[in-house]
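**Q** So the chains spell out like this:
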Amino acid sequence: MATTTATITLSSADIQSDVLALTKQATLNKGGTTTGLDQTTGLNKVIYTATTNIVLLDSTALGVGKAAKVYVANKSTDASEYITLTINAQIVGRLYAGDWMFIPWSQSDDAGNIELAPSVATALPVEYMMIHEGATQTSA
Amino acid sequence: MATTTAQLVITSTDLLSDSLSLSAIATLTNAGSATGMTQTTGLARKKTESTSLYILYDQSALAVPAASAHKIYIKNLSTTAAEYVTITVNAEEVGRLYAGDWCFFPWSAHDSSNDISITPSVSSALTIEHMLFFES
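Protein chains in written order, with my numbering: chain D, 1 to 140; chain F, 1 to 136.
What the hints contain is simulated information worked out from the structure, not anything from laboratory work.
Dumping the calculated EDC-like pairs for lysine to aspartate or glutamate here, alpha-carbon to alpha-carbon at most 20 Å:
id, chain 1, residue 1, chain 2, residue 2
1, D, K24, F, E129
2, D, K30, F, E83
3, D, K24, F, E83
4, D, K66, F, E83
All figures in this text were calculated on a predicted structure; none of them were measured in a lab.
Can you make the complete structure from the sequences, with help from the hints?
**A** The structure is reproduced here in structure tokens:
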């Protein structure tokens, strides 16, 4: 078993009159257990050159209802450039340049892919990583 | 304009044979600009006591603009490993947030049915914290 932690820090001195300084850490475990997640796609970096909607992570039967975690970051430095994230065609949101997200992914069914569509066809770099309990291996 | 940052650090010394130490920091800005996001719901806490669906962020009620750069933070404060909340966007399941887990993601709020909801796995008391950063 592996021990992997994810820590978020939200900070602002001026978004409200009380200073925001929130730090929370999660240990990434298999669903419903205290056993650490032990598999990962590794950190991927892809440069997209089309606005076509593409499958970032393909939902697989082994992941249904489990505790996979997904990290996605838009590494563009042009503030106007974004990627639109969808799950099973449902728009979740837009990640603008420099934004990241970290979500659980239950792969609720075979159609529950995580997909993205870049806003521009010029080179737009994206990093992503999944930490998970298992994935279905497709026969050759 | 406000300056708000969100930092993520993922670490592990034994998930891979190479140590993992990933850090990402984002400054929360309005869509397509360098202007800092200025509005928030503040950090909220909700105790659930049924396995019904709870709407955390109602797109219609909040009337936040569509296709923007809103961000949502949710944490499951349960300490019982088996307890989770299922997060949905317009009835589409995103994932399960188990005890101690948190998530942070963009919200497009693109139509009136694009609510962010949770469904607890248990009918006993389960507490979550959540926060929305938004633009107008």
